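*Asks:* As a plain string of letters, each chain reads:
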Amino acid sequence: MDAKRATELAIIANRVRKDALTGVYNAGAGHPGGSLSIADVLTYLYFEEMNIDPKNPKMENRDRFVLSKGHTAPALYGVLAERGYFPVEDCATLRKIDSYLQGHPVLDKVPGVDMSTGSLGQGVCVAGGMALAAKLDKKDYRVYAILGDGELEEGQVWEQAMFAPHYKLDNFTIFVDNNGLQIDGDITKVMNPTPIDKKFEAFGWNVIKIDAHNYDEIEAAVEAAKACKGKPTAVIMKSVKGKNVSFMENQAAWHGTAPNKEQYEQAISELDQKIAELEAML
Amino acid sequence: MAKVATRVSYGNALVKYGNDERIVVLDADLSKSTKTDSFKKEYPDRFINCGIAEADMMCVAAGLATCGKIAFASSFAMFAAGRAFEQVRNSIGYPALNVKIGATHAGISVGEDGASHQCLEDIGLMRTIPGMVIINPADDIEAQLAVKAAIEHEGPVYMRFGRLAVDDVNPADYKFELGKGVQLKDGNDVSIIATGLMVQEALKAADMLAADGIDARVINIHTIKPIDEEIIIKAAKETGAIVTAEEHYIMGGLGSAVTEVVCANAPCPVKIIGTDRFGKSGKPAELFVEYGLTAENMVAQAKETISMK
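Residue numbers (this note's numbering), protein chains in the order written: chain A, 4 to 285; chain B, 4 to 312.
Derived pair list, reagent style EDC-like, types lysine to aspartate or glutamate, alpha-carbon separation capped at 20 Å: (1) A:K142 x B:D48; (2) A:K138 x B:D48; (3) A:K138 x B:E24; (4) A:K141 x B:E24.
These are computed hints drawn from the structure, not numbers from a lab. Only a predicted model underlies this, so the values are computations on that prediction, with no experimental measurement involved.
Here chain A stands alone, though its shape is the one from the complex (with noise of 0.2 Å):
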């Protein structure tokens, strides 16, 4: 990728963080950790990769996207809005009473979100269901969906990850978010779902692994990911969990706990520093 471009997609991403800590702040909860290890590949592919339109959110042969770990809500409201499917303001409502943007995405009350999710493991499952009816219909969207490492500790998710192999669902990407951090901890030691790549490779899936921060890689494996026929693509992503401000970065702790007043700015300040360096370098 041209590194200008890449540079652009930095910088659109940490606006996507900052919006997403500013909802989780202004509501006092969420999930800040896992929405600023996303923020990249969401950014990839809603500026980047997917044919999509924010004015008309439900084109029929648009691509798809389900986010599967729908406690990072955060960071998708943020993609959306800087992407033009609402205001970016509204992120600041965030769970609030009478707001659209639910504490975990909705089908049909946030424009361009394609599945209500939250209950991990059932988002995966759905988003084949989509690429399925690509291929009944003979069309040629494309269906991705973001998982996170702990996700993979849920039973339903191999019942998809036969599925879409079976069914040769070639239309089909997913993003494994390897934090490497669950709620309770280290995945590991909580339940330890590696070799992840091994596993995904074994159930019959075309397996790249990335460094989830890095545009070129990201770009190369979604690119990897179109040629490859005859199987879905599981892209296995090393992230950082709170990528990008220092105190919450590889802390469980950030999981599902909301910055205080303090905490919030120094975040911000953080961002705003990172996204003033990116631009200097344009």
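Place chain B on chain A using the hints.
*Replies:* Frame of chain A, contents of chain B only:
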């Protein structure tokens, strides 16, 4: 007329109305039992076997529905409503998707397989999901028309079918209206409100009561949700005593739905006939007797209810 199990009606109706290209039928390795194999034979491209994975099947059905499909997800009631309850609630009910759940082998009439497969709680489970339509047909024609109504209705529908072959209770020119109860016999002393294969028992009970000089009204409630409040309130006001009958636990099913309507609108004594414990292996007819799902019990309960007026 030959007896027909409503699961067979389900399979036949899927073939009959299946020429609609939007229809996709999913099953979880039970197509020979749920009778979706009839559809598979006719429309192989629109039949999807999900393997023994009901949680995934419900979510795949939801995903298909978001893309404009009418997805029929089929399994035994125990696994469709029981095992996959939370998938049905969160991925079908909450987003109000156009998924039709074809749940066969409901109730104790599954018989010999025993309690693990005798689903007696599905109506209660499904009733708690906002927007879920629940249909429990009594015979072949009603089951087939229920499938047609489910296709025409936009939104989630739970259809409950049986394994046991049953007699027709409805005429050949029967008109099915979603959400409307059917008065099969008028009467003023007591109302027997039944659903599914208890409807034929209710008609027998009415004949037996007539022999004792008691004039019983018989109402078939095929749509348990949304329930026909009007026909129930009218029965409560005009007969002042109600017996309900269903092949389901006494908690959460038709009896609960009827008492909710009666208590709020026209209080009168109501006796609920249903099961109160896990089922067991046996022939359906033997199980009906052991669990009180008989015309004889309806007669006894009717008399007791009348005495409470």
